[in-house]
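Asker: Spelled out, the chains give:
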Amino acid sequence: MLRILPETNINFMGMRKAAYALSLVILLAGLASLVIRGGPRKGVDFAGGTLLDLHFSQKVSAEDLRSAAAAAGFPDAEIQTYEGSNDALFRIKEALVQKPGASDYATTGPAARLGQALSTRYPGITAEVLRQEIVGPKVGRELSGKAFMAVLFSVIAIMIYIVIRFHRWEYGVGAALALAHDIFATLGVFSILDIEIGLTVLAAFLTIAGLSINDTIVVFDRVRENQAKYRKMSLFDLLNLSINQTLSRTVLTVFTVTATTASLYFLGGLVIHDFALAILIGLAFGTYSSIFVASTIALDLDSWQQKRSAAGAARKVAEAKTATGARKAAKPAPVVSAR
Amino acid sequence: MSKTAWRGLFIALVTIALGVVLTPTFQYYSMSPAARAAMPKVQRDKLRSQALNLGLDLQGGAHLVYEVKTEGLPADQKVDVVDRAIETIRNRIDQIGVAEPIVQKQGADRVLVQLPGVLDTERAKDIVGRTARLEFKLVKNDNEIEAIALRLDTFLAARAPMDTSAVDTSAASRPFTSLIRTSMPGALLFEVDAIPDIDAMLAKSRSVIPGNTTLAWGRETNDMSGKPGRFLYVLENKVDLTGDKLQNAEYAVGVDPKNPGGSGVRLFMTKEGGAIFYRLTRANVNRQLAIVMDNSVYSAPRINDAIKGGEAVITGIEDDQEAKDLAVVLRAGALPADMSIVEERTVGPTLGADSIRRGILAGWVGALIVVVFMVIYYRASGLVAILALVLNILFLFAAMVLIGATLTLPGLAGIILTIGMAVDANILIFERIREELQVGKSVRGAIDAGFRRAFLTIFDANATVVITAAALLIFSTGPVKGFGLTLMIGIIINLFTAVFISRVVFDAVTERSNIKRLSI
Chain A
1 MLRILPETNI NFMGMRKAAY ALSLVILLAG LASLVIRGGP RKGVDFAGGT
51 LLDLHFSQKV SAEDLRSAAA AAGFPDAEIQ TYEGSNDALF RIKEALVQKP
101 GASDYATTGP AARLGQALST RYPGITAEVL RQEIVGPKVG RELSGKAFMA
151 VLFSVIAIMI YIVIRFHRWE YGVGAALALA HDIFATLGVF SILDIEIGLT
201 VLAAFLTIAG LSINDTIVVF DRVRENQAKY RKMSLFDLLN LSINQTLSRT
251 VLTVFTVTAT TASLYFLGGL VIHDFALAIL IGLAFGTYSS IFVASTIALD
301 LDSWQQKRSA AGAARKVAEA KTATGARKAA KPAPVVSAR
Chain B
1 MSKTAWRGLF IALVTIALGV VLTPTFQYYS MSPAARAAMP KVQRDKLRSQ
51 ALNLGLDLQG GAHLVYEVKT EGLPADQKVD VVDRAIETIR NRIDQIGVAE
101 PIVQKQGADR VLVQLPGVLD TERAKDIVGR TARLEFKLVK NDNEIEAIAL
151 RLDTFLAARA PMDTSAVDTS AASRPFTSLI RTSMPGALLF EVDAIPDIDA
201 MLAKSRSVIP GNTTLAWGRE TNDMSGKPGR FLYVLENKVD LTGDKLQNAE
251 YAVGVDPKNP GGSGVRLFMT KEGGAIFYRL TRANVNRQLA IVMDNSVYSA
301 PRINDAIKGG EAVITGIEDD QEAKDLAVVL RAGALPADMS IVEERTVGPT
351 LGADSIRRGI LAGWVGALIV VVFMVIYYRA SGLVAILALV LNILFLFAAM
401 VLIGATLTLP GLAGIILTIG MAVDANILIF ERIREELQVG KSVRGAIDAG
451 FRRAFLTIFD ANATVVITAA ALLIFSTGPV KGFGLTLMIG IIINLFTAVF
501 ISRVVFDAVT ERSNIKRLSI
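For the protein sequence lines, the chains are A and B, in the order given. End of the first sequence sits at 339 in the numbering used here; the numbers just go up one at a time, nothing left out. End of the second sequence sits at 520 in the numbering used here; the numbers just go up one at a time, nothing left out.
Incorrect hints may have been included.
Below, a list of computed lysine to any residue pairs in the SDA-like style, where the Cα atoms sit at most 20 angstroms apart [claimed, not checked]:
| no. | chain 1 | residue 1 | chain 2 | residue 2 |
| --- | --- | --- | --- | --- |
| 1 | A | K138 | B | V466 |
| 2 | A | K229 | B | K441 |
| 3 | A | K138 | B | V443 |
| 4 | A | K146 | B | G72 |
| 5 | B | K516 | B | V443 |
Rather than coming from a laboratory, the hints here were simulated on the basis of the structure.
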């Protein structure tokens with residue numbers, strides 16, 4: 001039998017202070033970038049505007065592209081070119097939609113204007129439209145609103161689902177916070193890398209939520225099962241035991257999803273590039289967060305709840321004792337090691 | 001037969017059935033464009049309709065959203081103005097000649113237009129975006145029409161190289177009239193398939209068509225003994241009345257004294273229009289007056305008598321729907337809907353084909369890594385997981401064909417992602433079986449416990465993915481919606497393939513032979 005991991009016995013829960021600190025650093029770094037850049041960098045889908053992906057019949061220098069864009073009436077256009085191809089991507093803030101009743105779009109459209117502007121320098125040049133996305137400001141705002149609703153809906157619906165399935169509000173809150181953590185952290189990384197957020201990246205964010213919650217559920221499910229088996233074990237130990245028991249599965253699944261997403265990232269083409277990148281980044285956060293956010297928060301909420309409960313100081317002391325005892329031992333239940 | 005055998009049979013039957021569902025898809029997309037073009041149209045359309053739909057981002061095309069201005073209009077008129085816009089857009093798209101266009105109302109005041117495979121979207125937008133032009137033109141009388149048809153024949157026959165080997169020499173000498181299937185006052189009926197030929201002929205022989213004459217196709221397709229046909233109207237070039245002289249038009253019942261239950265359309269002219277209409281009708285009683293919008297003839301009613309007062313009624317319309325449509329067209333011409341594009345997504349065919357090629361490559365590479373990994377790690381059990389994975393993807397495609405879903409680029413990405421996620425269920429089960437074996441359970445016992453215990457986890461995990469996919473389906477549009485759909489279907493099918501089918505395979509192997517060691 002091939003094993004990727006030896007029998008592990010890692011005290012994950014004991015590391016939670018360090019994990020909280022790490023999460024805080026990641027989130028704050030993302031937040032700082034978001035604040036400095038004035039919010040996430042919205043793509044055409046959400047900010048409105050024009051995206052024009054053109055293929056020219058001749059190689060055009062970046063300089064000429066810029067002057068052509070200015071001559072065509074888009075002095076602020078952001079232009080991106082690709083090594084070894086005659087393609088260029090133009091991002092224009094204005095949504096160059098057809099005016100009502102206009103019927104001369106074939107000669108006055110952005111692609112035609114750019115082609116004309118280049119034709120003096122490059123006689124006979126043609127510009128093929130590979131992709132053109134024009135989103136009016138109103139539609140952009142609507143799509144932003146819907147995107148926010150979609151994320152909110154998933155997080156709340158998943159929280160409700162977990163609470164219903166596990167009968168513990170601590171789990172639901174832990175899972176929801178882990179999701180928010182993953183989405184926000186990925187958003188932060190995208191802001192630091194200065195990558196646009198479009199509709200496909202949003203889809204990636206929601207996929208991240210789905211993948212992250214998968215891991216969390218696997219752990220919580222195991223806790224539920226172990227709880228029935230070892231009735232006296234503290235949640236601290238139960239979580240550690242369950243995470244260790246499911247760790248090989250986590251590693252294997254992360255591997256298979258990473259394999260397919262990475263092949264999408266490297267081979268899937270430009271249109272899907274950022275989507276795959278978001279999933280790769282989110283997958284890392286998601287795996288981390290099911291252990292170090294969802295589980296740890298569930299644990300801390302649980303002990304906070306117990307402290308708060310009316311049992312009084314005496315019980316509190318007893319609780320603390322078992323907790324420290326468990327931590328000192330830092331060893332899962334004997335059943336596992338005795339196998 | 002044992003329970004496992006029955007289950008195996010069931011899986012085999014489902015697989016065969018879904019394989020049959022996918023056959024047209026394989027046939028259609030494995031054909032070269034040349035082979036596709038060579039196929040008879042009816043057969044091709046049938047195959048196309050049974051194959052998986054590709055989104056505009058994969059096959060190329062334009063996705064346009066028009067917003068119709070409805071501000072300051074009462075609620076009932078808002079609906080009407082959008083209907084008018086839709087009718088206008090439909091008519092124009094038919095003139096561009098796009099195969100399978102979609103024109104759909106979106107929300108209260110938007111119209112979604114999808115034009116698959118359109119190369120020149122700028123031109124398409126020009127045509128769709130133009131203000132509606134409604135004109136009333138007199139129809140030529142039959143003698144004149146006959147004269148023009150004969151003149152076309154002579155002209156075309158003289159210019160076309162004579163094909164002496166042709167059996168039907170009369171067709172060669174009558175290139176135009178031989179295509180006429182039948183005629184009615186003012187119009188000639190042709191097969192829809194012949195329209196491009198006729199258009200080419202007319203373009204060639206402009207010089208022999210009198211300057212005061214214009215030819216326009218009817219809007220409607222008439223059924224002529226099973227084959228679709230369309231009328232070509234021969235009209236006076238002079239525009240007698242334009243849409244702006246029309247104040248309103250409405251669908252009406254009981255306006256025909258000869259047919260009290262029949263439906264009709266009532267027209268209301270402006271003051272100026274009424275005067276023009278009176279002069280026109282008085283001078284042309286018994287002639288036909290064509291209602292032409294954007295060069296297609298919607299109707300050509302006969303003028304019964306001189307009409308005074310700017311109010312007219314069109315009767316003798318075959319059915320209710322036709323009358324309602326005509327009223328919409330007339331209103332569209334009288335009050336052109338003010339609309340503008342608010343969203344446009346165009347993908348050129350080059351990029352679409354490139355996306356498919358790259359997506360498929362990425363899918364194969366990703367799948368290969370997963371397959372190799374599963375076999376190395378889980379040995380024979382890994383093969384079971386791969387069988388489940390293959391069936392998962394196969395069923396996913398088949399389900400998409402069955403529900404008529406559209407595969408978009410994000411949808412393709414979703415399928416590739418599904419490959420990575422689908423094996424998770426098998427990993428959960430296998431890891432569990434390993435654990436059960438380690439605590440000393442028998443092979444059968446470990447399999448049983450492994451599947452039973454992993455099931456709840458898999459169910460819960462898949463359910464949450466379904467929740468996020470549902471969020472995408474509810475809150476997004478276009479290609480991303482396609483991603484939500486493939487993700488959702490894929491993960492639901494996953495429960496069947498990874499859990500049920502894998503289990504049957506395990507049972508089939510371990511039931512008969514008393515296996516002591518499981519290859520896992």
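Asker: Now, for every hint given, state plainly whether the structure supports it.
Answerer: Quick rundown of the hints versus the structure:
For the suggested pair K138 (chain A) and V466 (chain B), the alpha carbons sit about 30 angstroms apart, so the restraint of at most 20 angstroms is broken. With a CA separation close to 17 angstroms, the supplied pair K229 (chain A) and K441 (chain B) stays within the 20 angstroms bound. The straight-line distance between the Cα atoms of K138 (chain A) and V443 (chain B) is roughly 62 angstroms, outside the 20 angstroms bound, and the hint therefore fails. A C-alpha spacing of about 26 angstroms is found between K146 (chain A) and G72 (chain B), which places the hinted pair above 20 angstroms, so the restraint is violated.
Straight-line distance between C-alpha atoms of K516 (chain B) and V443 (chain B) comes to about 6 angstroms, which keeps the hinted pair within the 20 angstroms bound.
Comparing the model with each earlier hint shows violations of hints 1, 3 and 4; every other hint is respected.
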